[in-house]
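Enquirer: One line per chain: the protein sequences are D and C, in this order. Mind the numbering: the first sequence is residues 422 to 842 in the working numbering, read in order. Mind the numbering: the second sequence is residues 18 to 513 in the working numbering, read in order.
These are calculated hints, taken from the structure and not from any lab test. Errors might be hidden in some of the hints.
As the list claims (entries may be wrong) - Simulated crosslink set (DSS-like; lysine-lysine; CA at most 27 Å straight-line):
#1 K136/C <-> K86/C
#2 K607/D <-> K86/C
#3 K136/C <-> K648/D
#4 K509/C <-> K583/D
#5 K648/D <-> K488/C
#6 K497/C <-> K607/D
#7 K583/D <-> K488/C
As the list claims (entries may be wrong) - Estimated spans, in silico, between C-beta atoms of each pair:
#8 K750/D <-> G324/C: 36 to 44 Å
#9 S490/D <-> G486/C: 24 to 32 Å
#10 A664/D <-> P320/C: 20 to 28 Å
#11 G77/C <-> T669/D: 30 to 38 Å
#12 D423/C <-> A751/D: 38 to 46 Å
#13 G324/C <-> K811/D: 27 to 35 Å
#14 G683/D <-> R312/C: 15 to 23 Å
#15 P622/D <-> D209/C: 54 to 62 Å
#16 E194/C <-> D633/D: 57 to 65 Å
#17 R96/C <-> G683/D: 37 to 45 Å
Glycine is no exception: its CB is placed at the ideal position from the N, C-alpha and C atoms.
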Amino acid sequence: MSEKKGIQTVQRDVVVIGGGPAGLAAAIAVKEAGVDDVLLVERDRVLGGILNQCIHDGFGLHRFKEALSGPEYAARYIQSFREKKIDVMENAIVLSLTGDRVVEVSTRGKLQYIQAKAVILAMGCRERTRGAISIPGSRPSGVYTAGAAQNLMNLENIMVGKRVAILGSGDIGLIMARRMTLEGAKVESVFELLPYSSGLPRNIQQCLNDYDIPLFLSTTVTDIVGKGRLEGVKVAQVGEDRAPIASTERFVPCDTLLLSVGLIPENELTREAGVEMDPITGGAVVDDTFMTSVPGIFSCGNVLHVHDLVDWVSMESEQAGQHAAAYVKAGAKPAAAGAAKVSIKPGDGIRYTLPQSVSGGQDFILSMRVTAPWRDRTVVVRNGEKSIRKKMVRLHPAEMIRVKVGKEVASGGNAMEVSVE
Amino acid sequence: MNSNYDVLIIGGGVVGCAIARELSKYDVKAALVEKEADVSMGASCRNSGVCHAGFKYAPGSLRAIVDVKGNAMMDDLCRDLKVKMKRIGKLTVALNPEDEPGLHKLKERGDANGVPGLKVLNREEMQKIQPGVNGVAALHSPSSAIVSPYNLTIGLAENALANGVNFHLGQEVVAIEKKPEGGFVVRCKSGDAFETKVLINSAGLYAAHITDMLGISGFKIYPARGEYYILDKRLNGTVKCLIYPAQSKSAEHSGGGGAHLTPTVDGNILIGPTAQYLDDPEDYACTADVMAQLRREGQAILPAMRGTDFIRNFAGSRAKQTPPEVGGNADFIIEDRKDVKGFINLMGIESPGLTSSPAIAEMVAGMVKNHVALNPDPAFNPVRPGRVDFFEELSAEEKADLVAEDPDYGEIICRCEKITKREVLDAIRNPLGARTLVSIKYRGRASMGRCQGGFCVPRIVRLLRDEFGWKPEDFLERGKTSPMFVGNVRPKGGAA
């Protein structure tokens, strides 16, 4: 690209966008793989991403075999990141990204363009809002997404309300039900549109059951009432078509409604760069090197697909970092250039799989989610005559399933399919 | 507080603020009272943001006159006030051959009203303007435009303030006394009173409350709510101009023009408005049935729309003079009352009030002259400082220069709309001193994007705390009745 007037353009081997758990793990892996010229861009003043507001514990059980709080988990990666002296721009935001990997970064006092050989997308996800799910009603204050309320509470010492209803049983909502209860608020109920919870079973137990907070499944908010501050919400059971049943409508007085109704991978930059997207995950389509459809652009963590546990985010992002480093070391050409890719399709009972295709040249972890809760089923990965079978006692849409697939199964053929049997 | 004015305006909507700005051109002691915590909190922030050409209104009617005149004034006004406006034109589309004669009738009407550039287009010609649009023919009105309604209202108010008009926000008028020697005492809920020689009723949905307070009978406002969807900027550019169906019978009765797609100056698309008569002028609720209807109709006109494109819903109320059983629209009333000397009465200023506002203001100033002298103020400055475009909309060079000049331009507070810290600080430090979250939103655009403030609201809260040293209880979303928080989680500095 041509030098723009008054604007600095610099060259970099790898630029990592986002300094949460995904970006930290990816940047560390790039450096460990022997690529020194790596820059991480973080929009907040500090590294760690959403972990900084997650002051509850339960992080790291798989990665570190111990239960850590969010900030503790982040601190381990931040320490390693600092020790490796990886370049970082904090309080800096990427304004745009092109398909030929030009990153426009704005920070205090400076706007610059960076031409990168490889870009790792690690921007995380955002919360679905009231507007996105079209909740009827008036517009009082007191309606917050659960994560925004968590930020205000844990980082700003601000209590958003005293009498709380929660729509959606996503994990942040469940965590906030417990958190607000512990700080003296009355959490009336959690309402979930689906016939099963969206959050992890362990959070249902530890955040709701242990505090006698009722969870109403197949129930939704049908009206938001109040002109100034929220006065209450109307809720109703829903039928199989998920439409509210008018005869079941009732009023729940509350001054606060928290929404925990889903997370959306934050892929504005990804789309701008022309990357092919998966409509189910809301993230990029990637191969087993975590490279997207645009050469040199990699994606990992919650911006790729929303994870249940940060441990998996870290492990996935380490892999993405290694592959990005290999890509740069190979002269910025895909390592398995020219190799035919084998596509992976979600079959019966599987909502999505990740990656969406593989080169067949290496072992890889296949991540997936199921479409509904089941017990005692088998997850089957098929490639023609070859297959891998994983027996599972409990399958739940809230829990990601990871299956290790050997290259002997992944190679050959032209399509793999994953299903629940 | 007890202040004496030559002219007092009741109502800080676009019309009241346009009058304030018009009066600020003269050497006269003028003020405006508004019951909400900011200007532009009623219909002026809850509409389609369309600057109408004026071909729909009966020739000779007040609506036709002030609309066509106001439309022509809008370019200069928006340039001076740094308000975004785009002349994108409008297609009024005949879907069937039997609708086509109606287009010619509209054109005749428009020509009689002095609307410039009207032309009936065939299918091929109209598709050049908006590819893919259905219909057999269309009336094209090039002077139809879009404008940010709240930015215009705020711009008018800030310029009026800069030129000497006082703004009393959060002052709800509850009683008006006619002084025996002439003039008025206007009493507010707060206990404050304002004395004035001339009183202007620009109270919009509450205009009939004001006439009631003066003992003038015969006025009643029938609020008619319109609901909208706001769509994601992803669809920006898919709707190139305003597209209205040639008026159907039901839309004519509702007096609302029918639900349609309207692009906004900021790059979103609106679906709406509907029309429903209500008793409560401030029932701004969105309702499940109407929302479903808007989704259906939107999908039919804009097949590219997906469920993930919904950002927010809102509703506004029209100040109609016609009851539900009559329907349609009555003409504006703008009168210098003979029975109550010094009282200038504006009634039923619904659509096209936004377009007409600068022309109405000139007309009202003419009436004010009947009561007090209006000598031009040589110090009047029509230009409001600032910039029309947001940082995000500037060229790479302009952005780099701004960031180098002022580091606060390098920091982004609202990630979705890419609003910088400088822009949010400017919104926080606005001249009118309006300090609700909504006031900051309307000025700086932060939190209007697809995440709806999930990211930036905690950051704006931090900026406000740094700026004003607020406690959690001090943060208001819209006004005194909508506190955002209840207090601290733990006492500051207390044991964790």
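Enquirer: Hints first: check each against the structure and report whether it holds.
Expert: Consistency of the hints with the structure:
As the CA atoms of K136/C and K86/C are separated by approximately 20 Å, the hinted pair is consistent with the 27 Å bound. Only pairs whose Cα atoms come within 27 Å are accepted, and K607/D paired with K86/C is rejected, the gap being roughly 57 Å. Of the pairs offered as hints, the one joining K136/C and K648/D is violated, with about 45 Å between alpha carbons and a cut-off of 27 Å exceeded. Of the supplied pair hints, the one linking K509/C and K583/D holds, its CA atoms being roughly 19 Å apart against a limit of 27 Å.
With a CA separation close to 23 Å, the supplied pair K648/D and K488/C stays within the 27 Å bound. For the hint pairing K497/C with K607/D, the CA-to-CA distance comes to about 24 Å; that is within 27 Å, so the pair holds. Between the alpha carbons of K583/D and K488/C the distance comes to roughly 17 Å, so the proposed pair stays at or under 27 Å and holds. Judged by the Cβ atoms, the range 36 to 44 Å given for K750/D and G324/C holds: they are separated by roughly 43 Å.
A hinted range of 24 to 32 Å holds for the C-beta pair S490/D and G486/C, which are about 30 Å apart. A hinted range of 20 to 28 Å for the beta carbons of A664/D and P320/C is consistent with their spacing of about 24 Å. With their beta carbons about 56 Å apart, G77/C and T669/D fall outside the hinted range of 30 to 38 Å. Separated by about 43 Å at the C-beta atoms, D423/C and A751/D satisfy the suggested range of 38 to 46 Å.
The hinted range of 27 to 35 Å is satisfied by G324/C and K811/D, whose Cβ atoms lie roughly 33 Å apart. Between G683/D and R312/C the CB atoms are about 19 Å apart, so this pair conforms to the stated range of 15 to 23 Å. One distance hint, 54 to 62 Å for the beta-carbon pair P622/D and D209/C, holds here, with the actual separation near 59 Å. Range check, E194/C to D633/D: about 59 Å between beta-carbon atoms, so the 57 to 65 Å window is met.
Taking 37 to 45 Å as the suggested C-beta distance range, the pair R96/C and G683/D conforms, at roughly 44 Å.
The earlier numbered hints that this structure contradicts are 2, 3, 11.
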